[in-house]
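Chemist: Each residue of the sequence shown is one higher than the one before, starting from -5 at the first, in the working numbering.
Misleading hints may appear alongside valid ones.
[What the hints assert, rightly or not] Okay, the calculated beta carbon distance ranges per label pair: (1) H74 x N224: 19 to 29 Å; (2) N161 x T82: 42 to 52 Å; (3) P225 x Q119: 20 to 30 Å.
Rather than coming from a laboratory, the hints here were simulated on the basis of the structure.
Don't be surprised by glycine CBs; every beta carbon is placed ideally from N, CA and C.
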Amino acid sequence: MRYAPAIIGSCLTLALLGSSCGGGNSTATSSTTTTSTATLVVVQGTPSAPSSVSLDGQVLAENLAYLTSTNPLIVTSGQHQLLLQSPTGAIGPNSNNGVVGLDLQPNTHTTIAYITPAVFGVTVQTFTDDTTPAANSMAKLRVVDASFTIEGLQVFIVPLGSGPTGNPQIPTLGQPNPTYQTFPPGNYDVYFVTAPTSGGPPPTVRYHTGSLMLGANQNRSVYFLTACPNPPTSGGCNAEGTYASVTVADLN
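Work out the full structure, taking the sequences as your base and the hints as a guide.
Modeler: Dropping the structure here:
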């Protein structure tokens, strides 16, 4: 059978357009866009009235009190603007009206700590959290120095009811990149003790957390802070030797 030139030309044109000639079937291809997420926790380590946490203008948490943290907040990964705001105004660096820029990578767990060091205003620190469980159903614990103390302190992590004896788990507090240490599941107490000095006074316990439960396959971070008057005084937060802590669940 011979086809007229006009019909052949039409078929060629349809072929170029991805169609079929002569009754064949065509299949449409659909694409699915997957949005990656990240996890965000905010620690309120600066004294204020209960505050709200906003990301890109959307309120994600409210009534965040001093020395507490938010629950894990699941957000889209990428660039964001974070704002902590009390009834009296924004809390954060003086620049950019307290707004903090974030770049949250996909599938990460990040903690943002708002801290008041001495009289220098509010500082915001970012910490990348470990969400990999320890082997053999153990637990991980990280101690973060967010106190800006000038005291030399060592850290003992001991079973609850024990004292800070033996060798400290952290000989010198304040290392720039605090690491997680592995412990058997149990109930612990974290002691912050002055470091011994030649000819100086004996070591003194400055602070301890009290009961700190570590379960199997759990990761925890203890944020060690300078305790401030709440509401704050005009002198700022400069009571050396007065401390507090906030414990954050990084995993499970």
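Chemist: Going through the numbered hints above, which ones does this structure break? Give me the numbers in ascending order.
Modeler: none
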